[in-house]
Amino acid sequence: GQQLNQSPQSMFIQEGEDVSMNCTSSSIFNTWLWYKQDPGEGPVLLIALYKAGELTSNGRLTAQFGITRKDSFLNISASIPSDVGIYFCAGPYTGGFKTIFGAGTRLFVKA
Amino acid sequence: DTAVSQTPKYLVTQMGNDKSIKCEQNLGHDTMYWYKQDSKKFLKIMFSYNNKELIINETVPNRFSPKSPDKAHLNLHINSLELGDSAVYFCASSQDRQPGLRANEQFFGPGTRLTVL
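Chains as they are written, first to last, in my numbering: chain D, 1 to 111; chain E, 1 to 117.
For reference, chain E alone in the conformation it holds in the complex (with noise of 0.2 Å):
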């Protein structure tokens, strides 16, 4: 049973192109978050929705566009992709919002790796 799941797992593109990743978890969560991931391997926060609702929206060009079709799903779609867009996308879940309690503690998909030619 995968925990959080996210397709897909490899991304190529073009610049210029609209693409969407999509993530599930059946954790039964009510939070989930969309982080990048860069060639240094930082791991920045990108978004995060709580039961629907976004609660972080980090300096994101707005060329990103996350939707939350219900608590369960948080998909992320790029408009007009770039070069610098290329990096690793994991979605994580954890089941209450509050960082600092054990409930915050977040799983994570096993990412998407996108590749913008």
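The shape of chain D in the complex, shown without the other chains (with noise of 0.2 Å):
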């Protein structure tokens, strides 16, 4: 069935430093959504892209829908500490109703 890949699984950096992450699929994805969940609170939509190719920031954070519509990646520039959680991707479920989301990138940022 459809999943979604993202990596790395985890990232340690310090606060300045620019950020990476993606989010890969076998299958074709039409949208990409990108979330973030702060420690004890429910997951916020960050950016969502809905054409391939695609290029769209959020202040320090720029999303890309791949060509291939088979990813996506996720940037942060300066990461600052409010920056530390757990980065989601998502995307429609093809034939049906539902959101399906990777198993998340956690990003911890030392000051």
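Read the hints as simulated data drawn from the structure, not as lab findings.
Be aware that one or more of the hints could be misleading.
[Stated by the list, open to error] Only pairs whose alpha carbons sit at most 30 Å apart, straight line, appear in this in silico DSS-like list of lysine-lysine:
#  : chain 1 : residue 1 : chain 2 : residue 2
1  : E       : LYS71     : E       : LYS36
2  : E       : LYS36     : D       : LYS70
3  : E       : LYS36     : E       : LYS19
4  : E       : LYS44     : D       : LYS51
5  : E       : LYS22     : D       : LYS98
6  : E       : LYS67     : E       : LYS22
7  : D       : LYS98     : E       : LYS41
8  : D       : LYS70     : E       : LYS19
9  : E       : LYS44     : D       : LYS70
10 : D       : LYS98     : E       : LYS71
11 : E       : LYS67     : E       : LYS41
12 : E       : LYS9      : E       : LYS22
Need the complex rebuilt from these two chains, each delivered in its own frame; the hints are there to steer you.
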């Protein structure tokens, strides 16, 4: 079935560093969503991508919808301590109403 | 103003008990969801309702029963709780039920951490 694979699983970085994480699938997705979950909270949508090749920014965050429609990446520039959390990619499951989520990338930022 | 709210935030109970979690959204959305997040943080859809109609019913034990009294509320009742039910349960809502549309972007509640002893 459709699956989303996120890498890396975890990242430990220094404040001020740039971060890059990605999400891949063997299936085509027509939408890529990036959510962030702060510790003890629910996921919050950061960026939504709806067209292949689309590059979208939200403050220090930039995400791209891969041309093959089988991948997406999320970059965070000049990381700060509040970037700590779990970043999930998500996309629509073909033939149904559900959205599937990747396993997440856990980001740790050292001040 | 809380967009999607859940009660309780924490729930600690004994095996075999029956418990309910409540969810309300004030966004005027038509679709609501229940997700389960396990200890490894995997997020899995359990149920979804659109205008009080069940549209997603994943492979979930029938001890779990959702109820939607109106489109702003989706409650989750769990019978005969088991140790493996311990997890964080998230409610979410979206304007539309069709994935892939902007109107399907989901807003999550803060979660209910269920611990079964």
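Looking back at the numbered hints, which does the structure fail to meet, lowest number first? 8
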